[in-house]
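J.: The residues making up each chain are set out below.
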Amino acid sequence: MANEVGKRYVCKKCGAEFIVTRGGKGELHCCGQKMELKK
Amino acid sequence: MNTNDFLSIATAICPDRDFLVFEGQRRSFAETNERVNRLAHALRELGIQQGDRIGMLQVNCPQYVEAYFAAAKLGAIFVPLNFRAKADELSYMIGNAEVTILFVGARYLDMVEGMLPRFSTGKDCICVDSKQDGKPFYEDLIGSSSPDEITGEIDDDDITILMYTAGTTGRPKGVPLKHSGFVSYVLENVEPASPETEERNLLTVPLYHVAGMQAMLAGVYGGRTLVLVRQFEVKEWMKTVQDERASRAMLVPTMLKWVIDDPDFHKYDLSNLKVITYGAAPMPFEVIKKAIQELPWVRFINAFGQTETASTITTLGPEDHVLDGTEQEIEKKLRRLTSSIGRPLPDVKVKIVDEEGNSLPVNGVGEILAKGPRIMTGYWGDQEKTAQVITSDGWLRTGDKGSMDEDGYIYLAGRGDDMIIRGGENISPEEVENVLHSHPTIEEAAVVGIPDPEWGQEARAIVVLKKGEAATPEEIMEYCRSRLAGFKRPRSVMFVDSLPRNPMGKVLKKELREKCGQP
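These protein sequences, in sequence, are chains A and B.
Residue numbering for the first sequence follows our numbering, beginning at 11 and increasing consecutively.
Residue numbering for the second sequence follows our numbering, beginning at 98 and increasing consecutively.
Errors might be hidden in some of the hints.
Stated by the list, open to error - Heads up, incomplete: computed chain B residues facing chain A, CB under 8 Å, no partners named:
1) Met-98
2) Ser-105
3) Ile-110
4) Pro-289
Source of the hints: derived by calculation from the structure; they are not laboratory data.
Beta carbons: idealized from backbone N, C-alpha and C, even for Gly.
Build out the structure end to end from the sequences listed, making use of the hints.
T.: Structure below.
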């Protein structure tokens with residue numbers, strides 16, 4: 011699943027980080043672009 | 098978001114990290130999450146539904162944490178019970194909460210069956226730590242249930258914990274605490290779990306106390322390893338800090354004093370400790386001063402709150418425990434260390450009001466009120482007591498007296514019902530106690546008001562001397578004379594072997610007044 015609980019995403023533009031608390035099919039976007047999975 | 102998410106998020110981020118460590122046994126986040134699911138299935142099979150109350154009467158142990166999350170997964174309400182409460186208090190709390198299922202440690206079983214015969218038969222009493230005839234056993238329930246992820250329809254404003262707080266008069270009061278309150282706290286104050294950060298939190302504060310529960314939940318959200326001990330014992334605490342390389346701990350002032358005064362204190366390697374949070378009772382200045390000297394690498398945090406506020410609402414942070422800066426700054430910090438509980442946390446509003454409820458100016462002494470998403474909406478089934486503490490516009494009356502300085506720091510001036518009023522002037526017992534604690538022969542002291550025909554009340558010092566020391570009442574009163582305004586100094590001194598305290602170390606002033614408060 012694209013967005014699973016606990017996955018962390020980061021915006022390469024502004025540096026904001028998100029943790030997924032509920033999984034879903036959608037894509038996370040920030041600053042007009044797709045967020046990257048933080049490894 | 099609700100507290101179930103704390104465990105599921107941490108499990109997703111660091112599944113193989115040690116989560117619960119207890120007497121040599123270690124379980125990871127993933128292992129614990131599976132056990133929680135199994136227990137939740139078992140409870141569902143036993144008929145537990147959303148809103149049902151599940152009680153726990155046991156010392157700190159991994160099952161305590163597991164049972165909480167199993168209840169949370171079902172939307173049931175967890176009722177942690179004080180294992181030191183007297184039988185009739187326990188019976189009252191269990192009845193008042195209408196507990197459906199009770200988890201019990203073996204040592205408490207006879208007492209429970211004696212006072213509540215309904216728990217002698219049937220499946221509603223589960224033994225936590227050993228098999229008992231005729232009773233379901235915790236590990237059997239886990240072993241025989243499905244490990245599949247289980248979720249209920251949880252609303253963030255649902256009650257997750259019903260915690261009883263002892264009042265100074267009458268019965269314990271049930272405080273309903275919501276998921277949203279704990280979520281508000283962690284989102285503002287705790288870094289979420291991260292694969293890059295590992296912290297090890299030593300949990301000795303009992304989980305039936307809101308400070309213990311808050312520390313546990315914050316630890317879960319933060320992906321911290323929780324090292325549990327049954328009950329606090331000084332040498333075991335120091336050994337556990339050393340052996341488990343604990344980086345965080347929470348202590349009540351009495352515990353901290355015992356640690357730094359222990360003759361073997363310097364034999365243990367406590368160098369991994371980074372943060373000590375203290376609270377639940379006033380901290381004597383001499384104790385924190387010595388602690389800062391003995392543990393200079395540790396960041397200290399004074400946390401103030403109540404059950405009714407879902408724990409911490411103000412903190413005096415690490416920077417306030419470092420005595421550096423200009424002379425003026427150091428003086429300010431010393432004053433704050435002596436009697437400040439710090440500044441409100443970001444999700445809390447605090448104000449100081451007079452008896453009519455009007456906000457007081459800077460440094461005005463009045464009652465401390467608090468407001469925010471973590472404040473309880475009312476006592477369990479007790480509208481009368483609720484109306485006494487929640488104002489019509491949603492502020493909680495804490496019952497503590499205090500003032501706020503120009504920088505927003507709050508200073509305690511004692512419990513409203515402990516304040517001494519002499520000839521119309523207020524005497525804060527804490528202020529006098531701080532002076533007494535600085536006397537070289539005094540181990541600990543408490544101050545109460547005693548009736549006086551002329552002044553209404555006078556302050557009396559009740560003193561425990563250090564071993565081997567001697568002092569007379571006159572010497573102690575003279576010591577106070579030079580350090581306190583005339584009307585504040587104690588007019589009598591009584592020597593005792595020990596002060597009555599609750600399990601959290603708070604002096605029981607009501608009991609002291611009854612024993613030592615006659616003219």
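J.: Could you run down the list of hints and mark each one as holding or not?
T.: Here's how the hints hold up against the structure:
1. Nearest Cβ of chain A to the Cβ of Met-98/B: about 5 Å, under the 8 Å cut. The hint holds.
2. Interface restraint check for Ser-105/B: the shortest CB-CB distance to chain A comes to about 5 Å, inside 8 Å, so the restraint holds.
3. The restraint placing Ile-110/B at the interface with chain A holds, with a minimum CB-CB distance near 5 Å, inside the 8 Å limit.
4. Interface restraint check: Pro-289/B against chain A, minimum CB-CB distance 6 Å, threshold 8 Å, status holds.
In summary, this structure violates none of the numbered hints.
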